[in-house]
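Spelled out, the chains give:
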Amino acid sequence: MKKTLLAPLIPFVLLTLIAEFLVRAGFVRAYLVPAPSAVLRAMIDSHAELLQALFATSVGSLAGFVMSALTGIAIAVLLSSSRGVQRAFYPYAIFFQTVPLIAVAPLLVIWFGFGIQTVIASAFVASVFPVIANTLSGILSTDPPLRDLFKLYGASPLVTLFKLRLPAALPQVFTGLRVSAGLAVIGAIVGEFIAGGGLGSVVETARTQQRIDKVFAAVLLASVLGLALFGLINLLSHLTLRRWHASEQ
Amino acid sequence: MFDNNRVVIAGMDLGVDAGEFLAVLGPSGCGKSTLLRMIARLSEPDSGQIRIEPNGERFETAFVFQDAHLLPWRNVLANAALPLELMGVAKPQRNEKARAVLDQVGLLDALDRYPAELSGGMRMRVSLARALVTEPRLLLLDEPFAALDEITRFHLDVQLRELWQRRGMTVIFVTHSVSEAAFLANRAVVLARHGGAIKLDRRLELPPVRDIELRGDPRLGQEMRLLLGAIEG
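Chains as they are written, first to last, in the working numbering: chain A, 1 to 249; chain B, 250 to 482.
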């Protein structure tokens, strides 16, 4: 565990030092790329504003992500219920995913108004599809002999769903959630660009003020948020699957 | 009976007496597994019928698959108790029965372990316990030990034979191993490569107690030769 944390830190420190050197030595203009020390200073100077923005974006992403997880799994269960339903509706799920979020975001503002509800909606739209796709594929790939076993002892479809299909799909559900967590943060920031609030607004305002150091600070915090969500899902996955799934051992 | 639009079993008339230990032998793709699935009512024949007399409950049939196929998120006890759980038996009763049957297969000290923590042989024994927990009158096994190493397989063969003797159930055992069929069964049926025709139906002339001694017995070799001859011929 220590090594997995330490290893990625080395390139981070190296790149930071190189960037600092390049800016200070005048190879890169500071109004294009700020020195890491300037980013750090912006973080310290505006820490109250940035933390508040981080909190707002966290709430928006997390709420959108939880909605994605719940609706995504529910939709996958419905789609798995019959092949006909799946044929009729799954293409729309795929189509839905290919609609560019940035183009839909203004619509979300019209529907939900300015504020957190639009940010949550945006995070949801951005992150729901991987949950649907992965959960569905997990449910559909249940081990056939186990399905036979449940059939042999007269298990109803509902019992089979809850005692076999859903638990068996858990590793894939978690795969979907991991992808979805990162997308939820992206979705929230896109929502904030248009509806206001959170790190998205900070980036927007700092950009118009030519405060490139603050833009970098906000972007960095957004990445940290995405990383934290990803880590949270990994932890949940590990706690749930450690006893039974090979990939967790 | 069709399987991917291919006639697997065209005409077959096979009667099995209660309490019999029948081995079904034949080359790959001859319809052994299909036959077993039809007896278990997991597949329906396109024509003809499967009759089990007296007309019993379907739960009196149990099935053991080619691999253990346990639920990886359940420990040994909960895996063995699964059939009773699906049939609606209350937790204390089903756990008690599962514990008893796990005792019979020698897994009493592994109740809390998960399938990922067991050896292949232990997993197969859990699978066997799961099949026996409902006290079935008919036990169907589809090449159950094929994936195991030979020593483990020998032990499980002996164990299965003992369980059969103790419980007086009917066993239909599908295998492609001539030595396993001869060692285990009282009666062996050899199927033809195509269409499910019965090439040999033989009552084996071997002592009722099958243990490691029998492995070197010339009578076993004689039976094996007969079965092999029917498969090849």
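Heads up, some of the hints might be wrong.
Said to hold, decoys possible - List time: in silico DSSO-like cross-link candidates among lysine-lysine, alpha-carbon distance up to 30 Å: (1) B:Lys346 x A:Lys151; (2) A:Lys151 x B:Lys340; (3) A:Lys163 x B:Lys448; (4) A:Lys151 x A:Lys163; (5) B:Lys346 x A:Lys163.
No lab work stands behind these hints: they were computed from the structure.
The hints, checked one at a time:
At most 30 Å may separate the alpha-carbon atoms for a hinted pair to count; Lys346 of chain B and Lys151 of chain A meet this at roughly 21 Å. About 20 Å separates the Cα atoms of Lys151 of chain A and Lys340 of chain B, which keeps this hinted pair within 30 Å; it holds. Restraint check: the Cα-Cα separation between Lys163 of chain A and Lys448 of chain B comes to about 43 Å, which exceeds 30 Å; the hinted pair is violated. The suggested pairing of Lys151 of chain A with Lys163 of chain A holds, with an alpha-carbon distance near 12 Å, which does not exceed 30 Å.
At roughly 20 Å between alpha-carbon atoms, Lys346 of chain B and Lys163 of chain A fall within 30 Å of each other, so this suggested pair holds.
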